[in-house]
Amino acid sequence: MTYSNSMPRNSRRTGRPAFPLWRRTALLAAAAFIVACDTGRLLDVKAPNSVPATVFDNPANAALMVSSAIGDFECAFGGWVVSTGIQSDELQDATLTAANWQLDRRDDGFTSGSYGTGGCTGTQAIYTPMSTARWEADQAVSKLAGWTDAQVANRIALLVQANVYAGFSYAALGMAMCQAAFDLGPLVDQKGMFALAEKRFTDAITAATGVASLASYLNAAYVGRSRVRLYQHNLTGAAADAQVVPKGFVFNAAMDANNSRRYSHVYQAIVQSTNTSVEPTARKLTTEQGETDPRSATTQLSGKASDGITDKFVPNKYNAASLALGQAIGQPIARYDEAQLILAEAQGGASAVTIINTLRAAVNLKPYAGATDATSITALIASERQRALFVEGFRMFDVERFNLPLVPVPGTAFRLGGVYGNTVCMPLPDIERVNNPNIVTANLLSGIKGGFPLP
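Each residue of the sequence shown is one higher than the one before, counting from 78 in this note's numbering.
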């Protein structure tokens with residue numbers, strides 16, 4: 078099935094990201110400001126005005142379009158890491174706001190929470206901010222593909238960047254959402270989102286290959302494509318991509334202490350706002366040999382979180398000696414260690430053990446010495462990913478795809494009332510269902526574990 082990548086320019090529907098995206102870009106162009114403005118009020122628009130269709134038709138705005146897409150993605154990505162961490166067993170909501178507890182409690186059947194409507198600077202936002210970033214990146218891809226090098230300086234570089242960020246946007250949505258819809262189109266399941274991401278990464282790789290100045294984006298695209306190929310069970314393709322990623326490679330979301338919208342989201346949520354902490358069960362993760370893993374190590378901070386109850390714990394990787402340094406901590410989008418763990422999963426057996434032991438040796442951990450049957454290796458990889466990729470956005474989908482036990486166990490009393498549910502992926506939010514005439518309600522997934530086939 079073909080999915081549209083272009084929203085109607087003259088849409089006047091309210092409650093949808095379409096109008097604010099165009100208006101933001103028009104305002105940005107007028108101000109010649111290259112960082113996207115706040116998307117937190119996307120859904121407050123009541124009566125959108127007409128926006129000239131030429132905004133996205135002017136090649137002079139090409140660099141602005143891509144910069145806007147990157148800025149919106151980086152903000153969305155930070156919120157996505159925190160939000161998926163809260164939904165899984167990594168982070169804990171530490172507010173006294175009952176509306177926030179649904180995500181932490183994994184409530185079954187909720188579709189109206191702020192995971193669907195929240196802005197990118199929030200700690201409960203997934204769908205709208207990442208959909209915004211995806212739409213912007215896809216628009217840039219579409220326009221740049223139709224323009225010429227004579228019309229746009231550095232067109233190929235901009236096209237590569239737009240494809241890379243579109244790819245990571247689709248991948249992030251697929252890892253968090255059971256289903257999504259794009260540009261008023263039909264429902265797309267997780268595999269469909271990963272396929273869309275793979276196409277964007279492939280296009281980026283094709284355009285960036287052999288261009289020295291685009292090496293970072295090329296490697297990021299290889300990590301991204303290996304990720305979504307793995308999620309689509311293309312082990313051969315995933316391994317081929319993962320193998321070419323150079324040792325030490327890191328592709329970060331660049332954070333900035335001078336812009337509140339670009340603060341490092343994990344640091345801001347835990348240390349600055351104190352409305353989040355590390356989940357008690359994840360505060361001291363160890364290997365199967367009982368060694369505390371420095372990659373997932375945490376530090377307890379003084380005092381209580383904003384609810385006055387929760388102890389404040391921060392992952393060491395997101396801690397800093399000063400506020401300014403903490404706000405500027407980059408958040409990894411793709412890196413070498415992930416590629417190696419993808420390779421381990423794709424190859425399995427003795428190769429997986431060798432790869433994992435090499436990663437462990439780099440942080441002075443003892444090598445794995447357990448069983449090497451297929452079930453044991455899968456368990457080893459899932460455990461290693463939990464610690465090596467701690468609070469980087471992977472745990473939620475790993476719990477789903479590996480069919481891992483939910484922690485705390487469903488039915489366990491939630492500390493502020495109610496009980497933990499069985500949700501493993503977020504159902505399509507009401508804002509999409511209500512505003513998209515092409516959504517077939519009978520085909521919606523609840524996200525409850527065991528209620529749908531694993532992707």
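Accuracy of the hints is not assured; some may be wrong.
To be verified - Okay, the calculated beta carbon distance ranges per label pair:
no.: 1; residue 1: Thr455; residue 2: Thr369; range: 49 to 57 Å
no.: 2; residue 1: Pro530; residue 2: Gln366; range: 34 to 42 Å
no.: 3; residue 1: Leu400; residue 2: Ala427; range: 40 to 48 Å
no.: 4; residue 1: Thr455; residue 2: Gly488; range: 23 to 31 Å
no.: 5; residue 1: Ala227; residue 2: Gly528; range: 50 to 58 Å
no.: 6; residue 1: Gly380; residue 2: Trp224; range: 49 to 57 Å
no.: 7; residue 1: Pro530; residue 2: Ala448; range: 48 to 56 Å
no.: 8; residue 1: Thr435; residue 2: Ile233; range: 32 to 40 Å
no.: 9; residue 1: Gly407; residue 2: Leu521; range: 31 to 39 Å
no.: 10; residue 1: Gly407; residue 2: Gln377; range: 18 to 26 Å
Calculated from the structure, these hints are not laboratory results.
Ideal placement from N, C-alpha and C gives every residue a C-beta, glycine not left out.
C-beta pair Thr435, Ile233: status relative to the range 32 to 40 Å that was hinted: 35 Å, holds
Distance restraint hint 40 to 48 Å, applied to the beta-carbon atoms of Leu400 and Ala427: Hint holds: Cβ distance 47 Å, inside 40 to 48 Å.
Status of the given 23 to 31 Å range, CB of Gly488 versus CB of Thr455: Since Thr455 and Gly488 have Cβ atoms about 26 Å apart, the given range 23 to 31 Å holds.
Pro530 paired with Gln366, Cβ distance criterion 34 to 42 Å: This hint holds: roughly 35 Å between Cβ atoms.
Pairwise beta carbon distance, Thr455 to Thr369, judged against the given window 49 to 57 Å: 23 Å, violated
Beta-carbon spacing of Pro530 to Ala448 - inside the hinted bounds 48 to 56 Å or not: At roughly 28 Å between Cβ atoms, Ala448 and Pro530 fall outside 48 to 56 Å, so the hint is violated.
C-beta pair Gly407, Gln377: status relative to the range 18 to 26 Å that was hinted: 24 Å, holds
Outcome of range test on Cβ distance (Ala227, Gly528; 50 to 58 Å): For Ala227 and Gly528 the Cβ distance comes to about 54 Å; the hint holds.
Range agreement (Cβ of Trp224 with Cβ of Gly380, hint 49 to 57 Å): 54 Å, holds
Gly407 versus Leu521 beta-carbon gap, inside 31 to 39 Å or not: 36 Å, holds
Hint compliance for this structure: hints 1 and 7 are not met, and every other hint is.
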